[in-house]
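Novice: Here is how the chains run, residue by residue.
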Amino acid sequence: MRIILTSLLLCLSIFSFSQKDPVFKFGKINVEDLQKTAYAIDSSANAVVIADIGKSSIEGNNKGWFSLIYTRQRRVHILKKGAYSYADIEIPLYKSGGGEEELSSIKAVTYNLENGKIVESKLEKSSIFTDKLDKNYTLKKFTFPNVKEGSIIEYEYTIKSDFLTFLRSWEFQGKLPRLWSEYNLALPNFLGYVFLKKGYLPYYIETAKERNSMFHIVDDGGAHASERYTFSSGVVDHRWVIKDVAELKEESYTSTIDNHIASIEFQLSEFRQPLTPKQIMKTWPDVIKELMTDEDFGKSLTAANNWLADEMKAIISGATTELEKARKIYNYLKENIICTDHSALYTKQTLKNVFKNKKGSVSEINLLLTAMLRYAGIQANPIMLSTRENGYAYAMYPLIRQYNYVVCEAEIEGKKVNLDASYSRLGFGKLPIDCYNGTGRLVNELTPYAIEFSADSLKESKLTSIILTNDEKGNWVGGMNQTLGYYESYNIREKIKSKGIEELVKDMRKSYSQDIVMETPVFDSLEKYENPIGIRYSFKVNSNDEDIIYFNPMFAEATRENPFKSADRIYPVEMPYTFDEVIVVTIETPKGYLIDELPKPVRVKLNEAGEGMFEYLLSESQGTVSLRSRIKISRANFNPEEYDLLREFFNLIVSKQSEQIVFKKKK
Amino acid sequence: MRLFFIFATTLCLNLIAQAGESPYAVKFIPEHLLKNANIVKRAEDIQIEVVNSGESLLHYKYVLTILNENGDRHATLTEWYDKLHEVRSIEGNLYDASGQLLKKVKNKDVMDLSGVDNSSLMDDNRVKVHSFYYKAYPYTIEYEVTTRFNHTFYFPKWIPQEYEQLSVENSSFTVITPADYKIRYKSFNYKEEPVVVTEKNKKKTTWQVKGIPAIKSPFAAPMWNEITPAIYLAPTDFEVEGYKGNMNSWLEFGKFIYSLKKDRDQLPDEVNQKVQQITAGISSNKEKVKALYQFMQQSTRYISIQLGIGGWQPFDASFVGKKGYGDCKALSNYMYSLLKAAGIPSYYTLINAGDDSDDKYLMDAFPSNQFNHVILCVPLQKDTMWLECTSQSKSAGYMGGFTGNRKALLIDEKGGILVETPRYGIKENTQIRAIKGIIDAEGNFTTKINTSFKAQQQDDLHEMLAYLSKDKVKKVLNEELNLSTYDIVDFKYQEKKDELPQIDEQLDLFVSKFATISGKRLFISPNLLNKSTTRLNTEEERTLDFVFGYEYKDVDTIEIEVPQGYELEAAPQPVALKTKFGSYSSSIKLNGNKLYYIRTREQYSGRFPSKDAAELANYYEAIYKADRSKVVLVKNSTSTP
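Protein chains in written order, with the working numbering: chain A, 1 to 667; chain B, 1 to 641.
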């Protein structure tokens with residue numbers, strides 16, 4: 001169960017807060033503040049954020065419209081050298097089209113305690129650098145002067161922005177522990193925003209108070225005289241505070257930590273009176289309709305696309321069925337078009353140019369795929385989704401900017417197939433693991449709908465079979481036959497491509513716990529990207545005529561490390577898939593030896609529901625040992641409360657799979 | 001007759017096709033240049049023209065055939081520029097496998113991005129980037145770039161085979177200078193003399209290579225300069241942003257560096273007073289240095305700002321005194337000034353810092369700008385102290401793996417002189433560990449581990465302790481130990497900050513199922529934390545020497561109390577290896593219910609011929625196996641019910 005708090009409603013609950021709550025006036029630092037060397041919230045922290053306060057408001061500007069005013073004040077106590085990097089500040093500013101963001105004021109002061117007195121060192125304007133990253137982004141950078149262990153640093157800046165759609169979000173939680181994290185939003189009634197909240201921490205203060213305010217707009221309308229408008233509107237002052245926020249640390253098996261951080265985001269939803277009322281955030285059907293007619297998304301899908309005529313002839317020549325055509329188109333794109341960006345929703349170039357230039361983003365490539373399939377008479381639609389790395393998307397709100405990835409759903413001979421042509425070694429009908437992150441949206445002109453992509457629906461199945469027998473010369477020889485899981489196969493293909501097959505084989509050999517001589521393995525389906533890889537080879541076990549042979553029947557297949565190393569866990573475990581690993585082994589007792597001892601069979605369940613199962617069944621019959629070991633996990637996400645269970649479960653697996661069979665020489 | 005006629009016509013067409021064929025067609029690549037290669041450098045022509053001592057032009061053109069996607073990252077053109085170096089033009093073409101032109105570079109496709117280094121707050125580096133993003137392999141790219149340097153302080157080097165898995169069909173390097181201009185060069189693996197032509201008052205010197213097969217750099221490889229041809233250039237007289245110098249000798253080069261830092265040692269009054277205060281009661285110069293170094297560490301931090309000549313010239317000591325920060329040059333100069341105020345002379349010292357073995361090499365007979373870092377050298381009566389001024393935590397006098405074991409250039413008003421920085425060898429780089437613990441009836445191991453890390457063996461740990469909070473250190477320990485399931489019960493670190501620093505670590509661990517219990521047997525792999533992971537590949541023939549730079553010694557002693565009622569069934573034989581590469585020994589014995597394990601490993605530095613490959617592989621293999629050996633204990637028959 002993922003706990004995400006969301007609310008569309010304006011919570012007008014007003015409760016008073018006590019007089020004791022601190023006020024953080026810029027520059028008002030006490031000697032006592034500077035004397036502190038550690039804070040109860042995390043006594044080992046290198047630095048603590050004493051206060052982090054953001055304020056956003058909206059005012060009329062002289063471009064005939066409104067500007068967002070964002071002010072941030074932050075006070076940090078640097079306790080150890082390890083935190084000096086927090087004294088280096090970067091403020092990104094954006095510009096695009098006619099709009100820009102402007103840093104309208106900035107101040108920064110370092111406070112040190114010297115001989116019992118507070119000494120201030122102010123940032124000089126000449127020490128602020130401007131780094132032009134590219135045509136859209138500029139960084140303002142500075143570092144605080146005279147930072148030492150024990151310094152308090154404080155800065156405040158204001159940004160004036162033309163982009164009403166980028167009302168700044170707020171993260172209450174982050175890299176350092178925070179004593180006081182506050183966000184204020186003065187929202188005029190004529191603008192509607194949806195609030196999106198994440199995380200598990202309760203608000204210490206959450207208030208909304210209404211007042212009236214005047215707005216002035218000047219329109220410097222070029223040739224004609226400038227016009228002025230003044231009107232009054234209700235404004236709601238929102239305030240959110242979370243106190244004593246501990247740092248949230250990234251653990252393994254996390255899709256992205258952003259899903260768990262306490263934060264609030266805003267999405268512009270409508271213009272209201274006295275503005276011309278306009279719904280900005282639409283319903284899903286409206287949003288999809290717009291996407292389908294948007295030049296940077298779906299418009300080209302409904303166009304005739306006759307520029308494809310000649311190319312398509314060549315690409316699908318010889319194909320007769322829908323499936324053959326679809327495969328040819330899919331393979332053509334994979335082999336010829338390079339993906340330059342795996343996080344993109346809108347297109348930046350026409351599909352024709354994507355085709356011609358042979359490069360494009362994931363959305364461009366998969367929209368092109370959709371267009372080409374349609375051109376070939378195959379029903380195909382794009383699906384937009386949010387990758388694991390990008391975080392969960394709120395399915396109920398039609399918020400386009402949550403989505404960062406496009407794949408294609410084709411209906412081929414009555415069967416629905418998901419396709420992604422942006423990775424050259426992905427198979428027909430397969431999507432990258434990163435796509436299995438909740439709800440996606442099918443985009444088409446008729447019946448758009450939500451599609452669930454859950455990690456629970458992915459199953460990695462791996463089957464290994466090993467037979468070890470005595471050959472006529474008395475050597476112990478084995479045969480290994482293995483079918484890997486799909487995503488393991490994908491990773492192996494990538495590894496072969498980057499390091500070569502020799503490296504892979506070398507690693508396979510090294511992972512044996514026994515001293516073996518391995519024949520050259522045969523790989524099945526290496527180039528058949530939609531199938532899992534099969535590996536087959538034979539090997540010989542070297543022996544030195546020992547009196548006792550200790551032999552691990554798991555060979556190279558034992559789970560040697562507990563994947564859950566950390567002793568505790570604060571937020572859910574999110575595995576990329578469920579899995580089922582089966583190893584079947586038959587071992588003939590080596591010539592001249594007797595079985596002295598065998599590991600005891602076990603079978604355990606992870607929980608009552610049996611969502612995890614481990615069995616290690618071992619038996620002996622006429623000198624032949626048979627083993628069947630299976631690890632099955634049928635759920636991908638686990639609560640923190642279930643963490644200990646998982647950790648213990650894998651501890652048992654590691655321990656059991658390291659056990660040995662003991663053979664003794666006949667006397 | 002008719003038959004013959006057809007034959008003749010076909011032949012003729014073939015000839016025409018060949019004549020019209022592009023020289024960049026992939027089929028013209030000789031077979032031996034495809035082996036091991038991701039990229040073939042088809043042609044390269046680099047021309048440097050020294051216009052005068054204050055200006056040089058660089059014109060280069062190269063053609064690369066990218067054979068597979070591992071070569072893609074080198075298919076992107078990245079041209080760095082800054083205030084001392086401007087890019088004048090970029091042109092380029094993309095060809096398919098048959099050498100047919102597919103596309104040309106358009107100016108709008110060349111991105112102009114910030115190139116500010118991650119470790120810098122601000123510098124003036126920018127970068128022009130272009131890529132064709134093509135992926136139908138093999139394909140060929142061609143770029144031609146013209147740039148201008150408004151100085152001759154340093155020149156581009158020529159290493160035709162720039163990286164692994166690149167073969168070179170043709171590459172040439174030409175330097176054009178005024179006939180009376182003296183340029184110096186140093187060559188590696190280039191046997192012949194360059195071709196020199198003089199015409200119209202210009203001297204043209206050309207080096208050229210053909211047909212270099214691709215290589216993969218193997219384990220313990222010698223430095224890249226030993227493997228492949230390289231030419232380094234250096235000026236005699238040069239000029240940069242109005243500063244003039246001469247590089248004929250280290251002495252002269254040092255004079256130039258001195259001129260950049262001269263008169264930048266004025267401290268603010270309050271800092272001067274502070275120096276007097278700090279040093280007042282101290283009589284020994286060494287103690288004064290330590291006290292002032294500590295003061296510098298507490299009151300400053302490393303912030304890199306490199307703009308224009310600022311890439312070579314330190315900020316004033318007064319700037320650092322006022323702002324409390326600076327880069328390696330500024331902080332070293334500041335420390336120099338602090339010492340000067342206390343009446344202690346010291347030397348601003350240029351060095352090539354880095355942990356790789358290639359970084360330790362200096363072309364000592366070829367005075368030139370081979371440095372990337374500045375430290376401070378303080379000569380004292382008995383010994384010399386070396387100070388790394390960018391670190392807020394290092395011990396006074398300790399260099400470590402970043403700046404130790406190499407040559408550096410001391411600077412004073414008389415010029416520059418090369419000296420050796422401290423050497424850290426097998427006696428210094430030690431790791432001594434003692435493990436004591438009890439295994440319970442389930443095989444769980446409760447243990448106390450004491451480890452002393454010294455010199456270079458403590459470098460990484462020192463950085464971790466300096467930058468991470470205790471909570472984060474615990475998180476690292478929680479995940480980094482090479483054990484299956486374990487809990488950190490407690491841990492403690494104590495640092496002895498000395499010229500040879502030492503960190504003592506105390507670790508209390510609970511290792512779940514450390515011993516495997518199968519029926520009546522108990523299996524223990526006693527080497528808990530120090531298993532060698534190196535295994536050499538013996539299948540490919542070794543052609544290059546083995547070079548080892550890092551010396552160390554590890555000693556592990558382990559005492560394990562096992563449950564009552566077990567006796568030894570099998571234990572590995574003691575191993576004792578003494579080789580020219582190093583020595584290794586490990587032994588196990590059971591005494592009552594106590595298991596004792598001792599392991600010692602010494603790694604020597606040195607250079608060994610390729611014919612030692614098998615011997616070396618056996619040595620590593622023996623260690624690998626011994627480190628994983630198991631002890632088998634079996635329940636006494638008497639104790640079985």
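Since the hints were derived computationally from the structure, they do not count as laboratory data.
Heads up, a few of these hints could be off.
List of simulated lysine to aspartate or glutamate pairs, EDC-like, C-alpha gap at most 20 Å [unchecked claim]:
# : chain 1 : residue 1 : chain 2 : residue 2
1 : B       : Lys630    : A       : Glu102
2 : B       : Lys635    : B       : Glu420
3 : B       : Lys407    : B       : Glu420
4 : B       : Lys625    : A       : Glu648
Restraint ranges, calculated between C-beta atoms of paired labels, are given here [as the list claims (entries may be wrong)]:
# : chain 1 : residue 1 : chain 2 : residue 2 : range
5 : A       : Lys506    : B       : Gly242    : 53 to 59 Å
6 : B       : Gln298    : A       : Thr130    : 30 to 36 Å
7 : B       : Val489    : A       : Asp294    : 39 to 45 Å
The structure presented is a predicted model; accordingly, all values stated were derived computationally and were not measured.
C-beta atoms are modelled at their ideal positions from N, C-alpha and C, and glycine is treated no differently.
Novice: Straight-line Cα separation of lysine 630 of chain B and glutamate 102 of chain A no greater than 20 Å?
Specialist: 67 Å, violated
Novice: Verify the proposed pairing of lysine 407 of chain B with glutamate 420 of chain B, using a straight-line Cα cut of 20 Å.
Specialist: Roughly 4 Å between the alpha carbons, so the hint for lysine 407 of chain B and glutamate 420 of chain B holds.
Novice: Within a Cα-Cα threshold of 20 Å, do lysine 635 of chain B and glutamate 420 of chain B meet the stated pairing?
Specialist: 60 Å, violated
Novice: Starting from the hint 30 to 36 Å, judge whether the C-beta atoms of glutamine 298 of chain B and threonine 130 of chain A obey it.
Specialist: At roughly 31 Å between Cβ atoms, threonine 130 of chain A and glutamine 298 of chain B fall inside 30 to 36 Å, so the hint holds.
Novice: Look at the Cβ atoms of lysine 506 of chain A and glycine 242 of chain B and judge whether their distance stays inside 53 to 59 Å.
Specialist: 57 Å, holds
Novice: Lysine 625 of chain B and glutamate 648 of chain A: Cα distance at most 20 Å?
Specialist: Since the Cα atoms of lysine 625 of chain B and glutamate 648 of chain A sit roughly 30 Å apart, the hinted pair is violated (cutoff 20 Å).
Novice: I want to verify a distance hint. Is the separation of the beta carbons of valine 489 of chain B and aspartate 294 of chain A within 39 to 45 Å?
Specialist: Violated, since valine 489 of chain B and aspartate 294 of chain A (Cβ atoms, about 59 Å apart) do not stay within the stated range.
Of the numbered hints stated above, those contradicted by the structure are hints 1, 2, 4, 7, listed in ascending order.
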